[in-house]
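Colleague: Please model the complete structure; the sequences and the hints are all you need to start from.
Spelled out from the first residue to the last, the chains are:
2 protein chains.
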Amino acid sequence: MKHILALIDDVYEDLELWYPKLRLEEEGWNVVVAAPALERTYTGKHGYPCVSDAAIHDVAAEDYDALLLPGGFAPDKLRRDPKVLELVREFQEAGKPIAHICHAGWIMISAKVLKDKRTTSTVGIKDDMANAGGIWMDEPVVIDGNQIASRTPKDLPAFSKALVDMIASVSDA
Amino acid sequence: MKHILALIDDVYEDLELWYPKLRLEEEGWNVVVAAPALERTYTGKHGYPCVSDAAIHDVAAEDYDALLLPGGFAPDKLRRDPKVLELVREFQEAGKPIAHICHAGWIMISAKVLKDKRTTSTVGIKDDMANAGGIWMDEPVVIDGNQIASRTPKDLPAFSKALVDMIASVSDA
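Top to bottom, those sequences are chains L and V.
Numbering (the working numbering) for the first sequence: 5 to 177.
Numbering (the working numbering) for the second sequence: 5 to 177.
Hints are supplied without guarantee of correctness; some may be wrong.
Copies of the same chain look alike in the list, so a pair counts if it fits in one copy or across any two.
In silico lysine-lysine, DSS-like type, Cα no more than 25 Å apart, as pairs [said to hold, decoys possible]:
#1 Lys119 <-> Lys87
#2 Lys49 <-> Lys158
#3 Lys130 <-> Lys165
#4 Lys87 <-> Lys165
#5 Lys165 <-> Lys81
#6 Lys165 <-> Lys6
#7 Lys158 <-> Lys87
#8 Lys49 <-> Lys6
#9 Lys6 <-> Lys119
#10 Lys81 <-> Lys119
#11 Lys130 <-> Lys6
#12 Lys81 <-> Lys6
#13 Lys87 <-> Lys116
#14 Lys49 <-> Lys165
It is worth saying that the hints were derived from the structure and are not from the lab.
Modeller: Have a look at this one:
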């Protein structure tokens, strides 16, 4: 059984949470959605609700096999929380899969884990990604070591397949 | 290459369209979303937009390998269109996979294809399903012949896996 941590706040991109979450559950794995508060309803950019399973301040990277960072405008808030950045760095240092899509690149920038990494994001933040040292590529999915990146919801099939494959290839936490 | 037809209208259940659609695309297959009008934006129950690929009155069952019927309240409108019911009956007579979830059972009722079939739906329409001759079961996914049925968005991983497996097992259209 694999355990995957997803981080959201209000205005998360609906499908960028839900498609990978359901896809990972289809594999028989457990996805925990953490948000600023426990068991509160967060509303997606288009309106889809998600009740949080955990509060971000209560989760520990060591309990999870991978990290999922959906986009939308939630990452603009999440990147301001030092605990979020600490979690990202812990997954990075442990070499565990980190999958970010669209505007979630902002969190990767603030966690300072993009230097010299091939990556992608929504074209809207490509300059931010490059200024943080990332090598930005206009492709549906870009993999560099433990990092998986995609641009938009249209890339979700390729993004999620890459994440499923990478998680399947690493040992249990 | 497999081709799958999905039928929607406004107030479709967002994830019940998008999760299977992206999941089938992940397999490398083509999903055509048909709605009353061509290239119009339809809005999900929770607000997620979908631009239609085709008008229902222009599609032919013979061009597709399977039929996907998402729920929400869209089926309340779709079941009134004789062309929708004709499409369902054509898929049924050809023995091609038909996957319906939640309130999409209404379309199956009006197409008169449920008699003596094991099936499921949202609990809200279980009486309608039984009155149409269906054998209603409270399970995440119920398969009877070419028909795949699920209850709610929580069942989407099992529903979609069953659909992928069934489509993979039939020959190209």
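Colleague: Between Lys49 and Lys165, at a C-alpha cutoff of 25 Å, which is it: within one copy, between copies, both, or neither?
Modeller: within (24 Å within a copy, 27 Å between copies)
Colleague: For Lys81 vs Lys6, is the C-alpha pair at or below 25 Å within one copy, between two copies, both, or neither?
Modeller: neither (28 Å within a copy, 41 Å between copies)
Colleague: Give the relationship of Lys81 and Lys119 under a CA distance limit of 25 Å: within one copy only, between copies only, both, or neither.
Modeller: within (22 Å within a copy, 53 Å between copies)
Colleague: With identical chains, the pair Lys49 and Lys158 could be close in the same copy or across copies; at 25 Å between alpha carbons, which is it: within, between, both, or neither?
Modeller: Both: 16 Å inside a copy, 20 Å across copies.
Colleague: Given identical chains, is Lys49 near Lys6, meaning Cα to Cα at most 25 Å, within a copy, between copies, both, or neither?
Modeller: neither (28 Å within a copy, 32 Å between copies)
Colleague: Could you figure out if Lys165 and Lys6 sit no more than 25 Å apart (CA to CA) within one copy, between two copies, both or neither?
Modeller: Both, since 15 Å and 18 Å are each at most 25 Å.
Colleague: Reference check for the pair Lys119 and Lys87, CA-CA at most 25 Å: within, between, both, or neither?
Modeller: within (21 Å within a copy, 56 Å between copies)
Colleague: Should Lys87 paired with Lys165 be assigned to within, between, both, or neither, using CA atoms and 25 Å as the limit?
Modeller: neither (28 Å within a copy, 36 Å between copies)
Colleague: Taking 25 Å as the upper bound on the Cα-Cα distance, should Lys158 and Lys87 be classified as within, between, both, or neither?
Modeller: Answer is neither: 30 Å inside a copy and 30 Å across each miss the 25 Å cutoff.
Colleague: Could you figure out if Lys165 and Lys81 sit no more than 25 Å apart (CA to CA) within one copy, between two copies, both or neither?
Modeller: neither (28 Å within a copy, 35 Å between copies)
Colleague: When no copy is named, should Lys87 and Lys116 be tagged within, between, both, or neither for a Cα gap of at most 25 Å?
Modeller: within (14 Å within a copy, 56 Å between copies)
Colleague: Up to 25 Å between alpha-carbons, please classify Lys130 paired with Lys6: within, between, both or neither.
Modeller: neither (32 Å within a copy, 35 Å between copies)
The structure fails hints 4, 5, 7, 8, 9, 11 and 12 (numbered hints given earlier, in ascending order).
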